[in-house]
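Colleague: Below, each chain spelled out in residue letters.
Protein chains: 2
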Amino acid sequence: MNKPLYVIGIEGGGTKTTAVLCALDGNILSEAQGGPSNFHIVGVDKTASTLLDLIQTCCHSVGCSDSQIGAVVAGLAGAGRMQNQQRIQEKLQEDARAQNFHLEKVMVESDARIALEGAFSGKPGIIVISGTGSIVFGKDEREKVYRAGGWGRRMGDEGSGYAIGREAFRMVAKMLDGYGDRTKLLKLFDEKYDLGSSEAMIDAVYEKKFDFSSVVPAVMEAASKGDPVAKKILVHASSDLMEVIQAVQVKMNKGRRSGPKRPLAFVGSLLIHDNFYSRKIRAAIKRDVPLVSLRKAESSPVVGAALMAIRLLKD
Amino acid sequence: MNKPLYVIGIEGGGTKTTAVLCALDGNILSEAQGGPSNFHIVGVDKTASTLLDLIQTCCHSVGCSDSQIGAVVAGLAGAGRMQNQQRIQEKLQEDARAQNFHLEKVMVESDARIALEGAFSGKPGIIVISGTGSIVFGKDEREKVYRAGGWGRRMGDEGSGYAIGREAFRMVAKMLDGYGDRTKLLKLFDEKYDLGSSEAMIDAVYEKKFDFSSVVPAVMEAASKGDPVAKKILVHASSDLMEVIQAVQVKMNKGRRSGPKRPLAFVGSLLIHDNFYSRKIRAAIKRDVPLVSLRKAESSPVVGAALMAIRLLKD
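Heads up: the sequence lines are chains A and B, in that order.
So the first sequence is numbered by the working numbering: it starts at 1 and just counts up by one.
So the second sequence is numbered by the working numbering: it starts at 1 and just counts up by one.
By construction, these hints were calculated from the structure, which means they are not laboratory data.
Hints should not be assumed to be uniformly reliable.
Mimicking EDC-like on lysine to aspartate or glutamate, the simulated pairs with C-alpha atoms at most 20 Å apart in a straight line are [to be verified]: (1) A:K232 <-> B:E243; (2) A:K209 <-> B:D288; (3) B:K254 <-> B:D288; (4) A:K123 <-> A:E221.
Beta-carbon label-pair distances, calculated as ranges [as the list claims (entries may be wrong)]: (5) B:G255 <-> A:K192: 43 to 53 Å; (6) A:T57 <-> B:P217: 52 to 62 Å; (7) A:K192 <-> B:M82: 52 to 62 Å; (8) B:D194 <-> A:M82: 15 to 25 Å; (9) A:D274 <-> B:E141: 53 to 63 Å; (10) B:S214 <-> A:H102: 42 to 52 Å; (11) A:L294 <-> B:G43: 45 to 55 Å; (12) B:M82 <-> A:D211: 18 to 28 Å.
Computed from a predicted model, the values in this text were never measured in an experiment.
Every residue gets a Cβ at the ideal spot worked out from N, C-alpha and C, and that includes glycine.
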């Protein structure tokens, strides 16, 4: 049996999956892309086969054998629960065995977990994710991981694109019902998404599975034009998200007011760009969370996954 | 052809459907029950066949012919939109024709609309519905109907069982995340519904399609024991619902502060019983909506449907 020389990191989402093969110093030697690997959408079987395909593609492209792959870490969207992580892991190893392909160490994680690892290249820090969903993850100096939020769209995801979009729908509904404040959102809904009436809105939400988060650009536009309703929605969302950030910070410092100053990075479409919302959050963090320093994420989630695989190999 | 002597009123929901056959003075001569007729759940075809079965059962039991049925009005859960009402109506008439059964006048309405008609025996008034969902309906002296709310669970249903239950889940989630206020709800969730951990809650909400409104009894219990979080949830829900009530009241009075004093009745499981929530709403209406008098609903929705059928016959 050869000595392991490489690891593989994988990032999987609802539209695509990326894998990188790295040397043990973290150098990327090969990259491959495949279809979606969110098991909620495509199922466990398809997820496992997509992962195995990418692993084998990476091996072929550098000409290595399975025994030279020391560890694989896959961070997948929707895979926040241990029970599901294990199901995918077992299926992947079973599929590999069936193809006579040996996978020694395999770990499935959530996409947020590998993003945390990538953001600070494995070092301590806090990431605030807000895209369609939201969650806050932190890792302390003892490698202990803390989280808050991320309860999904039906009971959580505070300050997410979904929460902002749903609130925008509610405000437009109230205006159409004759008791909400007047807002530019109604006109923007009509112009941008063909949602100018209650019939169209109800149809979109209940028949066409319209994703609330897709109206966030309209909310940003209305807010930047001074629309008070849009501004209120975003201010409210930012204070919701701030609560989650502070919850993680408090847990990491064991409830104490002091602690080491840690980096904090934004992840996810709503926060990595400059807009009304990200500016609010940025200002609130500077004002209310003194023990962090705002940073850009150092590496991508898929590199985070590879770094975790390197550490797994050493364990 | 015989002269029409009877009408049929139908109330259809997610678990059962009731039909009454009445003489033209409103006297109930026959009643029949069948399975569900919420077309979102059972489909248009099944809904139409359930309605036709009940109509025919009523006819047989009084020994009348189809030509003696002057009009049929069915108020169905989930049938708030005209387009869907027409689909069900057409299917019902098509099925009847195929069986050589003549149905002259048929109208499909929402369950809320027939409840309004039943509550005041066809006279003007306002009904406030809060069960799993919520909506407010009013009818003025010119028979014009006004509504607000009822946008469904994803973007509305303010002050409904669903909204109250969802907020309870959110508050328990925040407590488990370490930043929400302490609440008795966590213990009650565990004791009453086996929801004592985040895993159990996420599983219930995302895998088992747990209906949020089923935790309302726990919220009522916690509030009556003085739990501040439960009280806050119910106070918030009642003020949300008050906004919807006032919206209808303002529309009915064309924005004027004066108008005729109209009856207001509660419909739906949350409001017809005495509890923390219904007391809040009752007190708020007495305080803030002076132009209404609180009443009990006079008749059931199915009788309201029959009254609408009698009026339809006279039109």
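Colleague: Which of the stated hints cannot be reconciled with the structure, identified by number in ascending sequence?
Modeller: 2, 4, 5, 7
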